[in-house]
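Visitor: Note that the protein sequences, when read in sequence, are chains A and B. Residue numbers for the first sequence, in full-length UniProt numbering: 1 to 483. Residue numbers for the second sequence, in full-length UniProt numbering: 1 to 483.
A portion of the hints provided could be inaccurate.
No copy is singled out in the list; a pair is fine if it fits within one copy or between any two copies.
Stated by the list, open to error - DSSO-like mimics (lysine-lysine), calculated; alpha carbons at most 30 Å apart, straight line:
#1 Lys91 with Lys249
#2 Lys91 with Lys293
#3 Lys195 with Lys307
#4 Lys418 with Lys253
#5 Lys402 with Lys91
#6 Lys143 with Lys195
#7 Lys381 with Lys195
#8 Lys170 with Lys285
#9 Lys143 with Lys402
#10 Lys293 with Lys89
#11 Lys429 with Lys192
#12 Lys381 with Lys163
#13 Lys105 with Lys419
#14 Lys102 with Lys429
#15 Lys192 with Lys438
#16 Lys307 with Lys192
#17 Lys293 with Lys253
#18 Lys192 with Lys105
Think of the hints as simulated: they come from the structure by calculation, not from any bench.
Protein chains: 2
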Amino acid sequence: MSLLIRSSYLSQSHIQPRNSKPSSHTNQTPLKLVFLSSFNHNPLVSLVNKRNPTMQPPTFPPSMTVKSSLIDPDGGELVELMVSESEIKLKKAESETMPKVKLTKIDLEWVHVISEGWASPLKGFMREDEYLQSLHFNSLRLKDGSLVNMSLPIVLAIDDDTKEQIGVSKNVALVSPQGDVIGSLRSVEIYKHNKEERIARTWGTTSPGLPYVEEHITPSGNWLIGGDLEIFQPIKYNDGLDHYRLSPKQLRKEFDNRQADAVFAFQLRNPVHNGHALLMNDTRKRLLEMGYKNPILLLHPLGGFTKADDVPLDVRMEQHSKVLEDGVLDPETTIVSIFPSPMHYAGPTEVQWHAKARINAGANFYIVGRDPAGMGHPTEKRDLYDPDHGKKVLSMAPGLEKLNILPFRVAAYDTVEKKMAFFDPSRAKEFLFISGTKMRTYARTGESPPDGFMCPSGWNVLVKYYESLQESDESSKQQQAVV
Amino acid sequence: MSLLIRSSYLSQSHIQPRNSKPSSHTNQTPLKLVFLSSFNHNPLVSLVNKRNPTMQPPTFPPSMTVKSSLIDPDGGELVELMVSESEIKLKKAESETMPKVKLTKIDLEWVHVISEGWASPLKGFMREDEYLQSLHFNSLRLKDGSLVNMSLPIVLAIDDDTKEQIGVSKNVALVSPQGDVIGSLRSVEIYKHNKEERIARTWGTTSPGLPYVEEHITPSGNWLIGGDLEIFQPIKYNDGLDHYRLSPKQLRKEFDNRQADAVFAFQLRNPVHNGHALLMNDTRKRLLEMGYKNPILLLHPLGGFTKADDVPLDVRMEQHSKVLEDGVLDPETTIVSIFPSPMHYAGPTEVQWHAKARINAGANFYIVGRDPAGMGHPTEKRDLYDPDHGKKVLSMAPGLEKLNILPFRVAAYDTVEKKMAFFDPSRAKEFLFISGTKMRTYARTGESPPDGFMCPSGWNVLVKYYESLQESDESSKQQQAVV
Chain A
1 MSLLIRSSYL SQSHIQPRNS KPSSHTNQTP LKLVFLSSFN HNPLVSLVNK RNPTMQPPTF
61 PPSMTVKSSL IDPDGGELVE LMVSESEIKL KKAESETMPK VKLTKIDLEW VHVISEGWAS
121 PLKGFMREDE YLQSLHFNSL RLKDGSLVNM SLPIVLAIDD DTKEQIGVSK NVALVSPQGD
181 VIGSLRSVEI YKHNKEERIA RTWGTTSPGL PYVEEHITPS GNWLIGGDLE IFQPIKYNDG
241 LDHYRLSPKQ LRKEFDNRQA DAVFAFQLRN PVHNGHALLM NDTRKRLLEM GYKNPILLLH
301 PLGGFTKADD VPLDVRMEQH SKVLEDGVLD PETTIVSIFP SPMHYAGPTE VQWHAKARIN
361 AGANFYIVGR DPAGMGHPTE KRDLYDPDHG KKVLSMAPGL EKLNILPFRV AAYDTVEKKM
421 AFFDPSRAKE FLFISGTKMR TYARTGESPP DGFMCPSGWN VLVKYYESLQ ESDESSKQQQ
481 AVV
Chain B
1 MSLLIRSSYL SQSHIQPRNS KPSSHTNQTP LKLVFLSSFN HNPLVSLVNK RNPTMQPPTF
61 PPSMTVKSSL IDPDGGELVE LMVSESEIKL KKAESETMPK VKLTKIDLEW VHVISEGWAS
121 PLKGFMREDE YLQSLHFNSL RLKDGSLVNM SLPIVLAIDD DTKEQIGVSK NVALVSPQGD
181 VIGSLRSVEI YKHNKEERIA RTWGTTSPGL PYVEEHITPS GNWLIGGDLE IFQPIKYNDG
241 LDHYRLSPKQ LRKEFDNRQA DAVFAFQLRN PVHNGHALLM NDTRKRLLEM GYKNPILLLH
301 PLGGFTKADD VPLDVRMEQH SKVLEDGVLD PETTIVSIFP SPMHYAGPTE VQWHAKARIN
361 AGANFYIVGR DPAGMGHPTE KRDLYDPDHG KKVLSMAPGL EKLNILPFRV AAYDTVEKKM
421 AFFDPSRAKE FLFISGTKMR TYARTGESPP DGFMCPSGWN VLVKYYESLQ ESDESSKQQQ
481 AVV
């Protein structure tokens with residue numbers, strides 16, 4: 001998979017967020033930039049151009065201190081599923097009497113996701129109606145008839161024995177991989193786990209070798225259990241990174257504290273190179289030009305399950321912090337936080353989830369690049385997804401109308417200017433494309449990437465990580481030799 | 001696959017069409033039956049209860065002759081893609097100069113479907129935006145932001161050579177399997193035919209042995225071509241059945257002629273047995289009880305591609321006409337017509353297409369049974385789809401809100417009453433379930449089904465068909481022996 005970056009909203013004046021709301025602190029006439037998606041040329045398809053009533057530019061005098069007003073979470077209210085302090089004792093005692101459902105590490109990541117409201121308005125693992133809507137329509141219908149986006153089935157699998165133990169019980173207790181009862185699922189519904197259909201409709205392939213499928217779905221049970229989730233305390237990992245794991249509520253508070261009048265989210269599961277940084281800094285510049293006074297970047301690496309050859313979370317977080325220390329990104333206008341979701345690598349289906357979850361954290365702009373959430377086809381020599389489908393599907397997805405989707409131009413290494421720059425087709429030969437695979441090869445072999453690809457201290461984090469991998473490889477080889 | 005029939009709206013007073021509009025010719029207070037779908041128990045899911053403004057009960061005095069006002073087609077206007085008489089000569093001459101695209105028999109069935117407006121508001125084979133929306137969301141967004149249902153990708157595949165011949169041409173001519181230029185596709189867009197993804201997302205499996213896939217997709221080209229369709233004359237098959245192939249416009253006219261104030265459609269691709277008839281007659285009775293004065297049944301067998309072991313169209317049509325001759329269904333209140341679509345056997349995805357197309361023909365009630373558009377899994381010993389998913393997905397599908405979905409109770413052979421009857425679980429042992437496979441076995445072996453399963457003259461049609469099959473089998477065996 002390549003790390004190419006695109007930004008078309010810079011050069012293409014016809015690209016515009018669907019509910020762009022030019023703003024101004026002053027009494028000047030607001031700028032009237034109009035963005036239109038470049039790929040919605042079809043007469044049947046037109047993006048709804050609703051104004052977003054909750055992300056207004058401030059109209060107060062600049063000297064006044066007020067809070068910003070962020071985009072509404074899906075369903076109107078942020079879901080939070082922590083049992084209140086006064087009820088915990090009773091609820092814990094009650095849960096001891098319930099049939100138990102043992103969670104895997106990935107199940108627990110979903111408990112984390114649901115309980116903090118990333119999947120608002122979802123209040124627990126999906127019941128069958130929600131599951132079917134997610135699978136077939138990538139959206140859920142609310143009571144008022146409106147749709148919210150929900151592209152990934154967020155489900156909990158149980159095996160035959162567990163199903164039998166549950167019997168006709170209405171409620172079940174959830175047990176962490178460490179053996180602690182961490183909460184419960186109430187008014188449960190148990191239905192068949194049609195794995196083949198779930199995989200086919202989520203990934204668009206049933207090819208062997210899909211990381212999330214092999215790690216999580218194939219070994220799981222033949223039943224799904226849905227219900228209303230309650231947990232006894234926030235999910236913590238005690239890995240030294242919990243302070244990075246801000247909930248949607250905490251993020252919204254932080255955006256308010258910083259008086260953000262626009263929040264733009266950047267999803268990634270890779271180290272940040274200067275092409276990413278160019279893009280993020282450029283987005284901020286454009287938002288300022290649109291009239292926003294204080295656009296805040298949510299740099300939001302994915303923190304749940306990733307495939308084995310991805311750079312681990314702790315290394316990425318160290319690399320990210322070097323990028324901010326080095327001033328490649330401005331700490332004043334950037335919030336780095338961990339998005340607790342596991343990774344599906346489900347391309348156009350998953351990118352909707354990535355975007356939707358950020359609405360709930362208060363982001364009203366979402367940056368989308370080439371082949372988001374994609375990977376190589378597990379058995380064929382090609383990308384699993386058409387690299388353009390992610391941004392196309394995202395721009396048309398039901399329930400994401402209030403989010404401004406920002407597709408972007410390719411960035412590559414400009415060998416003349418010796419820096420990452422937006423690709424200029426008129427001098428194509430002067431650009432060098434550095435894929436993720438190539439970047440990892442550089443780091444693994446100790447070769448330096450071209451100057452200006454990544455800040456040196458950030459690069460150093462990667463080099464050290466790959467050195468440590470080799471050392472542990474060698475040490476295990478030596479151990480094997482000794483044995 | 002079983003032929004079990006369900007009707008729950010009879011006994012379950014909480015099941016109701018989403019926009020039920022009780023009606024009355026008189027000044028009596030309209031009945032206030034309220035149907036609610038039994039499977040929408042999820043708090044996140046609620047069916048939109050919009051009133052349908054275009055299917056009002058007549059308010060004129062009963063003596064007056066007026067036309068009924070049928071449900072609006074999707075997109076507001078029925079698509080018709082015939083070139084006008086005055087333009088035909090010019091357009092035909094023009095098409096001779098265009099690059100040619102050769103159609104298969106199934107492609108031609110889709111040309112038929114699109115050109116008559118069954119897929120309104122679709123105006124041709126899908127371009128990529130429509131294709132992606134269909135694949136991911138089972139719906140298309142209109143310019144006004146509303147959604148219409150569109151669950152099946154309606155696409156035209158071309159091979160590498162044809163793509164090369166088309167080059168940068170804007171328009172292409174369409175050539176029938178017989179070699180005639182029958183129309184054109186304009187402002188075309190060519191994009192990749194990702195067969196694996198298309199199959200996985202449409203069928204929920206990529207298992208070998210899917211009839212439509214093996215017959216039509218696997219042998220097709222690696223590119224899809226979308227554009228605006230125009231045809232020179234209505235598609236005819238000259239198989240003695242064209243008089244049964246009424247277009248949506250013709251059907252609407254016929255419903256108007258009969259002053260229908262409700263139209264209920266029944267989709268099938270099998271012979272009509274008395275269980276089907278019970279259900280259709282019962283639906284009419286319930287609609288009358290709801291206050292409708294003249295509900296008309298659209299008995300609408302599928303006429304396009306079906307799998308090899310299905311009963312062929314001509315035999316089914318002959319069987320259907322016997323059923324009406326015998327008075328099992330009332331010819332006064334029934335219209336038998338052929339639905340020209342090919343069959344996908346794509347279960348919950350396809351049933352939406354079956355329902356949506358009937359909106360365009362004027363139907364505002366749609367009957368759904370067990371496992372609609374389903375079949376056995378091609379490689380495993382089980383149904384390909386959960387038999388309940390079809391009706392569940394249908395009841396929640398975006399763009400079908402204005403259609404009243406009528407799920408129904410199982411009908412089976414009552415061995416005491418000696419007739420097809422709604423299944424009564426309290427005396428389960430007295431009911432005999434006759435599957436499609438079993439019915440075919442009866443007909444093939446010359447064994448009679450129980451009295452009252454099907455009208456004798458209709459049954460005779462099937463017996464004769466299977467006899468003729470055996471004769472041709474034996475004659476070909478004899479020929480092989482001679483050779």
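Visitor: With reference to the structure, classify each hint as holding or not holding.
Guide: To see whether the hints hold, each was checked on the structure:
no.	hint	in the structure
1	Lys91 with Lys249	within (24 Å within a copy, 62 Å between copies)
2	Lys91 with Lys293	neither (46 Å within a copy, 57 Å between copies)
3	Lys195 with Lys307	both (20 Å within a copy, 26 Å between copies)
4	Lys418 with Lys253	neither (40 Å within a copy, 71 Å between copies)
5	Lys402 with Lys91	neither (38 Å within a copy, 44 Å between copies)
6	Lys143 with Lys195	within (29 Å within a copy, 36 Å between copies)
7	Lys381 with Lys195	both (25 Å within a copy, 16 Å between copies)
8	Lys170 with Lys285	neither (53 Å within a copy, 39 Å between copies)
9	Lys143 with Lys402	both (19 Å within a copy, 16 Å between copies)
10	Lys293 with Lys89	neither (47 Å within a copy, 62 Å between copies)
11	Lys429 with Lys192	between (54 Å within a copy, 27 Å between copies)
12	Lys381 with Lys163	between (41 Å within a copy, 23 Å between copies)
13	Lys105 with Lys419	neither (40 Å within a copy, 56 Å between copies)
14	Lys102 with Lys429	neither (55 Å within a copy, 41 Å between copies)
15	Lys192 with Lys438	between (43 Å within a copy, 27 Å between copies)
16	Lys307 with Lys192	both (27 Å within a copy, 28 Å between copies)
17	Lys293 with Lys253	within (18 Å within a copy, 60 Å between copies)
18	Lys192 with Lys105	within (22 Å within a copy, 38 Å between copies)
Of the numbered hints listed earlier, those contradicted by the structure are 2, 4, 5, 8, 10, 13 and 14.
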